[in-house]
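Protein chains in written order, with our numbering: chain A, 2 to 154; chain B, 1488 to 1869; chain C, 5 to 289.
The hints are simulated quantities; they were obtained by calculation from the structure and are not laboratory data. All C-beta atoms, glycine included, are put in the ideal place defined by N, C-alpha and C. Just to be clear, a hint being listed does not mean it is correct.
Unchecked claim - Some chain C residues close to chain A (C-beta under 7 Å, calculated; not the full set): (1) V198; (2) V200; (3) V224; (4) R227.
Said to hold, decoys possible - Away from chain C, derived, C-beta distances all over 12 Å, residues of chain A: (5) L5; (6) A10; (7) Q20; (8) E24; (9) K31; (10) D46; (11) R58; (12) V76; (13) G79; (14) E80; (15) R98; (16) C112; (17) L123; (18) L132.
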Amino acid sequence: MEGLERILAEHRLFAGLGQPFVELAAGCAKNTVFRPDEYLFHADDPADWIYLVRHGRVALELATPGRGAVQFETVGEGEIVGLTWLLPPYRWGYDARATELTRAIALDARCLRDKCEADHDLGYELLKRFLPVLVARLQATRLQMLDVYGRAR
Amino acid sequence: MLHQPGVITRDGLAALIAALREDGFRVLGPTLRDEAIVYDDIEAVDDLPAGWTDRQDGGHYRVVRRDDDAVFGYAVGPHAWKQFLHPPLQQLWRAEKDADGIRVVTPPPPAERFAFLAVRSCELHAIAIQDRVFLQGPYVDRHYQARRDGVFIVAVNCGQAGGTCFCTSMNTGPRAASGYDLALTEFVGETHEFLLEPGTERGAALLARLPHRAAEPRDTDRAAQISAHTAASMGREMRSDDLHDLLLGNLEHKRWDDVAARCLTCGNCTQVCPTCFCTSVTDTNDLSGATERSKRWDSCFTTDFSYIHGGSVRASPRSRYRQWMTHKLATWVDQFGTSGCVGCGRCITWCPVGIDITEEVRAIRGDIAAPRDAPGGTDGGA
Amino acid sequence: MAALAEAALAAADPMVPRIVRVRKRTRDLPGHATLELVPADGAPLPRYRPGQFTMLYAFGVGEIPVSISGDASDGSRLVQTVRSVGAVSEAVTQLKVGDVLGLRGPFGSAWPTEELAGQDVVVVAGGLGLAPLRPSIYHLLANRDRFGKVVVLYGTRGPEEILYRRQLETWRKRLDLQIEVTVDHAGVGWRGNVGVVTRLIPRVSVDVANATALVCGPEVMMRFTAAGLHDLGLPESSIWVSLERNMKCAIGLCGHCQFSGLFACKDGAVVRYDRVRRLMGMREI
């Protein structure tokens, strides 16, 4: 448990949130491991866990009929899988699949949501940390949409 | 080294043309054709448009009879000297297949040598500007160089300013200062004479061969008065000391939208402008398998001038007008050390909708209170 | 004799091409070809610097600017990768071994690779942008001890569009080089990174006060990469980009390649980012 606490305390997303929060989060956290091609979750699954990748790589993908799944982003070491756990309807919008052996710390999102409802200051602090990452990913997605390397039409 | 000026009559002018032709020059100068004063071959003094003048304004050009016989009593027309030095079409090379593969052959240099008769001060500056572009960069344009070498220039100090002239604003006239072999000022009145001031040794040598009398102080005084009068009667003016930063600092000024609503992107301005130099290349193949590459005039107003990968960078007319004007007045300075504009007014005269570069500059500077009405007028309420 | 005289003539007039021959041809990716060119007129090949380009002429079709993508220290051949996007580039990619083409150049400015001794170097390439950067990478690796950290980031559309893939994989095995590759999207078989190339920037750990970045790719990609590098801490004067504009003469006399006051063919294509940052953010310049 101390190992988890230390890792969470040092992660930039949780820095400065204080020891009580770290203890709470660590209390609802567990180590997880995913084998290659194992799914962390599927689209429409309840957004119950947030994954902090310690080692490995997770592909975020969407399946389309006739085209198979398309990976639109991969998440690596030190990055988070699952940014929208704070927002209704609390369901994932895509699949997450480990593309290689991946170890992650899973944080209990339900537990954290309850805590945020009870303590709005904490909720705001967490939003302030997760929103920039979400916005950066949105901007990156927009750039991917431009298909800059594609052929001239 | 100062050369002694001389005064000739109209007969002396005829002798001047004859002497140049005798010396093997192809003499080019102004002549009346198709209701405009254009530059073409001059064989005799009668080819010159004596007794004609022009009326110029935005989108307006007419030749009108004078009530005297002045030979050079008009401003510039649609032609510029660049058509001879930087021709509209120039073969670069020809590639032929032979037994060993492909052979690239270049055209021989031009055989003719030019004499330009009646080059205005603004045009002297325009030629100097193109000299900078084609001869003083890291790469020299061989064809321009071959044609430019040895050109004999007889300049004319304008006896009147044109309706769209603004050389004084651009410090390019009205008096020819340098870059000529002979500079001519016409005196009309009781006598019809021409003051000739040599600018080079060979100009002086040519003057010496003509029937002339020595110039007296009253002649040079009269010439100075004529130039002063010309300078005071410009058709347009444009403050030009701040244009670089003014334009490059206002690339999103709403005036660009205003002018874009009027500009047809016809490119007339680039054709008549004496400094515009853009070209493109064309390839032609013939049935023998040979291919020929030529260089031809192009204009930044064309839709595919800036084409890359399936689209043009400057697709909108707004961006293309902005490109032309900011290049001419601002970025030209960064590239070549001077303005690209000599204040000749041709772009104003020959624009079918009369866009006036001096007015556009004033508007961007904020000297005009409101943008002029776009075509179509207002609701009728205002 | 005649051939040498003509080569000399071509050297004298930069608008006249010399003749070169295709010695080898590789089809790296669909729609791309890498040509190895050698002289066909008896005169030696011109020396060039990383970042420069030539004008390649397909007889009877036309001429296009193509970056040189080989090793600049190898004077025996010119290696150039062409992508088919129009009639001329299509004709060039279809040339076979033994075919001849016209060559003018080299033209343009170079990556400042020779002035980077003692610095960390970050090379960021997008799509075909890896081709004009490859000569720089060759130089960095051939003189490895002169530089600090060397990082190569490469982004492209998809796994099937990775240029010089085998070479990247070979380089990746080196212990003194960091290479990260990403694609905009991929199918299930891809085990690498997916995301825009800027997502790789946080993995770069260089001394930002003593580092230089060389960036090449589509203009949008260069803009957001330069922004990402700037966020990392690199000053804009330490970032170099490569402009691309319509070119006809390549010698600064036809006017087509102007980017505001810069002629991409002679003031560029390689320029320092702080010189063009404001212009790159504007539309239709």
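Which hints from the list above does the structure break, by number from lowest to highest?
4, 11, 12, 13, 14 and 15
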